[in-house]
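Asks: Given these sequences and hints, build the entire structure.
If you read the protein sequences in the order shown, they are chains A and B. So that you can map any letter, position 83 of the first sequence is 83 in our numbering, and since no number is skipped, the others follow by simple counting. So that you can map any letter, position 83 of the second sequence is 166 in our numbering, and since no number is skipped, the others follow by simple counting.
Misleading hints may appear alongside valid ones.
Simulated pairs of lysine-lysine, DSBU-like, Cα-Cα distance not exceeding 35 angstroms [as the list claims (entries may be wrong)]:
#, chain 1, residue 1, chain 2, residue 2
1, B, Lys210, A, Lys69
2, B, Lys232, B, Lys152
3, A, Lys69, B, Lys152
Sample of chain B residues at the chain A side, in silico, Cβ under 10 angstroms [what the hints assert, rightly or not]:
#, residue
4, Tyr138
5, Val168
6, Glu214
Since the hints were derived computationally from the structure, they do not count as laboratory data. Heads up, the beta-carbon is just placed ideally off N, CA and C, and yes, glycines get one too.
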Amino acid sequence: MITVLFFAGLREALGASSETLALPDGVTTVSALRDHLAARGDRWTALASARNLRAAVNQDMVPLTTAIKDGDEVAFFPPVTGG
Amino acid sequence: MKSSVSVQEADFDLSAEVRALTAGEFSAGAVASFVGLVRDNNDGTSVADMTLEHYPGMTEKALHEIVAKAAERWELLGARVIHRVGHLLPGEQIVLVVVASAHRGNAFAACEFIMDYLKTQAPFWKKESTEQGSRWVDARDSDDAALEKWRDEIGL
Numbered sequence: 001m002i003t004v005l006f007f008a009g010l011r012e013a014l015g016a017s018s019e020t021l022a023l024p025d026g027v028t029t030v031s032a033l034r035d036h037l038a039a040r041g042d043r044w045t046a047l048a049s050a051r052n053l054r055a056a057v058n059q060d061m062v063p064l065t066t067a068i069k070d071g072d073e074v075a076f077f078p079p080v081t082g083g
Numbered sequence: 084m085k086s087s088v089s090v091q092e093a094d095f096d097l098s099a100e101v102r103a104l105t106a107g108e109f110s111a112g113a114v115a116s117f118v119g120l121v122r123d124n125n126d127g128t129s130v131a132d133m134t135l136e137h138y139p140g141m142t143e144k145a146l147h148e149i150v151a152k153a154a155e156r157w158e159l160l161g162a163r164v165i166h167r168v169g170h171l172l173p174g175e176q177i178v179l180v181v182v183a184s185a186h187r188g189n190a191f192a193a194c195e196f197i198m199d200y201l202k203t204q205a206p207f208w209k210k211e212s213t214e215q216g217s218r219w220v221d222a223r224d225s226d227d228a229a230l231e232k233w234r235d236e237i238g239l
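Replies: Structural data, given as structure tokens:
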């Protein structure tokens, strides 16, 4: 199982803040997970159209090409705006 | 090195934080601090209030890593970072960075570095309320540019 989290404007667009799911067959990277979720259609296409989508794996910000494995916590979010 | 980070709804007191950071640290000859405030306007629109969202767990981890990077690069005696979340009004304090070192050069540089890094690497998101409704704040290219400057300067 993996945990997927969504934050800020993306969380609102998806209408979801977190989800636990079995790592789908063939999904080995963050970007593949994004494509898998976006393929659900409807509001999930926001993941595909998001400008400058950022991601974290196990709470480290990473490029979308990063590999993921069972047990990981993966987060998707817009560019950060703190400070 | 004494260092701590906090993510909290409560306000903070700069003087109290400086005193706590330097208490008993008599080799510290310099303290540099930065306090960020909530502005009442952004991109030409007036802002009534703001809500800050963050990624609990990752936020604290990212702030610790930013402080650790600063401590690798500059000789520091102490660092304190506080970032507020939740509902904030214009004029309220939102972020604090305090750095102590033997001499001012390291304190000034590390304080600016921590702020620049925080702006692009710590998972906070601002949502503003304006007369036209509420909107998520867009990231600024100038923040990425500030980080690039450090990457060029200190090879991060």
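Asks: For every hint, state whether the structure bears it out.
Replies: Against the structure, the hints come out as follows:
1. About 33 angstroms separates the Cα atoms of Lys210 of chain B and Lys69 of chain A, which keeps this hinted pair within 35 angstroms; it holds.
2. Using a Cα cut-off of 35 angstroms, the hinted pair Lys232 of chain B and Lys152 of chain B holds, with the two alpha carbons roughly 15 angstroms apart.
3. Note on Lys69 of chain A and Lys152 of chain B: the hinted pairing holds, with a Cα-Cα distance of about 28 angstroms set against a maximum of 35 angstroms.
4. Look at Tyr138 of chain B: its Cβ gets to within about 6 angstroms of chain A, closer than 10 angstroms, so that hint holds up.
5. The criterion of a C-beta within 10 angstroms of any C-beta in chain A is met by Val168 of chain B, whose closest approach is roughly 9 angstroms, and the hint holds.
6. This hint is violated: Glu214 of chain B has a C-beta 20 angstroms from the nearest C-beta of chain A, more than the 10 angstroms allowed.
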